[in-house]
Every structure is written in structure tokens, then in C-alpha cells.
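Peer 1: All chains should be built: construct the whole structure from the sequences, respecting the hints.
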Amino acid sequence: MKYTLNTDFSSLNGPKAANWIMGFQDMTEDAFADSSSHSRLLGNLLILEPYIHTLRQGLADTGRTVSDVCQEALDVLWDYLEGKKAASDFEDFANNLYAATLNYNVGEEITDAQAEFYKKHVDIPWGSTCEWQILTWLSVLLMEVVAISGGRLDFEEYEEYEQDVDFVEMEEMLNMLADAFIDFTNTPLPSNKASDVMNAQEQVYQTPLFRQLIERIQNGLKAALSATPEQYPALREEYRQYAILPEEYAAKLLGF
1457 MKYTLNTDFS SLNGPKAANW IMGFQDMTED AFADSSSHSR LLGNLLILEP
1507 YIHTLRQGLA DTGRTVSDVC QEALDVLWDY LEGKKAASDF EDFANNLYAA
1557 TLNYNVGEEI TDAQAEFYKK HVDIPWGSTC EWQILTWLSV LLMEVVAISG
1607 GRLDFEEYEE YEQDVDFVEM EEMLNMLADA FIDFTNTPLP SNKASDVMNA
1657 QEQVYQTPLF RQLIERIQNG LKAALSATPE QYPALREEYR QYAILPEEYA
1707 AKLLGF
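Residues 1457 to 1712, numbered by my numbering, are exactly what the sequence shown covers, in order.
Careful, some of the hints might be misleading.
Okay, derived cross-link-like pairs now, SDA-like style, lysine to any residue, Cα gap no bigger than 20 Å in a straight line [what the hints assert, rightly or not]:
id: 1; residue 1: K1540; residue 2: L1691
id: 2; residue 1: K1540; residue 2: P1689
id: 3; residue 1: K1540; residue 2: I1604
id: 4; residue 1: K1540; residue 2: Q1687
id: 5; residue 1: K1541; residue 2: D1524
id: 6; residue 1: K1649; residue 2: N1631
id: 7; residue 1: K1708; residue 2: D1639
id: 8; residue 1: K1649; residue 2: I1638
id: 9; residue 1: K1708; residue 2: D1635
id: 10; residue 1: K1576; residue 2: T1592
id: 11; residue 1: K1575; residue 2: R1520
id: 12; residue 1: K1540; residue 2: A1683
id: 13; residue 1: K1575; residue 2: F1549
id: 14; residue 1: K1472; residue 2: E1671
id: 15; residue 1: K1708; residue 2: D1517
id: 16; residue 1: K1678; residue 2: V1624
id: 17; residue 1: K1576; residue 2: G1563
Think of the hints as simulated: they come from the structure by calculation, not from any bench.
Note that this is a predicted model, so its numbers are computed, not measured.
Peer 2: Right, here's the structure in full:
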């Protein structure tokens, strides 16, 4: 059976649900194969907005809010999508933010100027996986947009970038949340053996909580596929009010 973004995920048993998850990126690429880079960027943003809203809810419990650099990256992408900014307006910001996330995630060496940006904008008391995942996702989208637009690039991996905006980071989010939900749903996990983890994930996929997550993602991507540019501002306002998870799980996500 060939699964698509329109597949009723709630009707799939554990192994079939696992196959749907494993094929998520290919399914999404197929669905957006004939779509513009703007539609693909919109698909990412309509999932990022609820994810960041959940982050905002979790941070509120500790008296914090979403970092300025995260909000700026999100706003820049929306402004580009809505035609308010050109890629040349934010290519420096994109390269510096990408350098900062590379340095944090893999220890990549960065220039003095990039280190100054990191110190000023990113070197703050973070700690949660989802915060860094969101910032990394935003930085990748910014670099893809700059590359597609022919802007200045400080990293070789983007100098000959011939792809379009992709959905790799969205798949990363799905995989991370699948692991987190094992804990959130008290799913038994006897050990960290691959077989035990896979079995636990298959159980998680059948929970109402995870099915609700998939429905949110499917709805966001389908909205992006059918949207016209005139609808982008309204979708921005609509989706920033949604959450990727019920609010009672927001603080737990930050502690994962």
C-alpha cells in the first residue's frame, strides 16, 4: 500500500504507522513536487508556528519567552514569503545564524564575526532539545532561501545548492517527538535496544496524542499546498495561535 499525506494515520496499526513515519519525507516531497519554493516554505512555517507556540507555552512556566533571535528568524522568513523582504536583506543574518547552530550542534569552527554574533544573540541560558531544534530548523530554511535566491553564502554545502526548500528538519521534529512521547504516554521501554525502542514507538503511534500531532502536521501541509499568496498573511495569523501539542505537555517537552 502506498501511503500519502492524505492517509488516515489513525487507521494504521503500529507497524503500518511506523512505515508511514519512515516514508514521511518522501511523501511530502511527492506532494510538493509541482509546488513553488514559496509553497514549500509555507509548509514548513505552518508547522513551525504551532511548534514555537508550544515552546512559548512551556517557557511561560519558567518566566521566559521565545528568544529574540528565534522570533526574528521566524519573522524574516514570513516577511520574505509575503514579499516584504528580499533574500539580500538578510543574507548576513542567515549565514551568522547557521554558523551559530553549526557551532552548537557539531562544534564547527566559526569566524570571529560569527562568534561575536553567537555571543550577542545565541549564547543565552538555553538547554532544551526543542529550542535548539527549532533554531536549527529556522537557520536551515534561511540558508536554503538565500541559496535559491543566489545570495552570499559562507558555507560550501550551500554554494552549489540545486534543491528546493526541503522538509528534512520537519522529519527530525517527528522523530524527536516520537521519542519524547514514550515518556509522555508512560509507554513501557524495557531497554534502549533498537527492538525495544521500535516496539515502544509503534505503541506511541497509536496513542491519541501522537495521532493528534500527525493530524496537525497533515492539515498544515495540505493548507500550504492549496494556499495562494493572498492567503499567506491570514494563515500566518491563524497558525500562530495553534499548538503542536496540548498545553499540558509544553513544559514536559522543554524538560525532555
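Peer 1: Now look at each hint and say whether the structure bears it out.
Peer 2: Hint check results:
{"no.": "1", "hint": "K1540 / L1691", "result": "holds, 16 Å"}
{"no.": "2", "hint": "K1540 / P1689", "result": "holds, 11 Å"}
{"no.": "3", "hint": "K1540 / I1604", "result": "holds, 17 Å"}
{"no.": "4", "hint": "K1540 / Q1687", "result": "holds, 15 Å"}
{"no.": "5", "hint": "K1541 / D1524", "result": "holds, 19 Å"}
{"no.": "6", "hint": "K1649 / N1631", "result": "holds, 17 Å"}
{"no.": "7", "hint": "K1708 / D1639", "result": "holds, 9 Å"}
{"no.": "8", "hint": "K1649 / I1638", "result": "holds, 14 Å"}
{"no.": "9", "hint": "K1708 / D1635", "result": "holds, 13 Å"}
{"no.": "10", "hint": "K1576 / T1592", "result": "holds, 17 Å"}
{"no.": "11", "hint": "K1575 / R1520", "result": "holds, 19 Å"}
{"no.": "12", "hint": "K1540 / A1683", "result": "holds, 18 Å"}
{"no.": "13", "hint": "K1575 / F1549", "result": "holds, 14 Å"}
{"no.": "14", "hint": "K1472 / E1671", "result": "holds, 16 Å"}
{"no.": "15", "hint": "K1708 / D1517", "result": "holds, 11 Å"}
{"no.": "16", "hint": "K1678 / V1624", "result": "holds, 17 Å"}
{"no.": "17", "hint": "K1576 / G1563", "result": "holds, 18 Å"}
Consistency note: the structure conflicts with none of the earlier hints.
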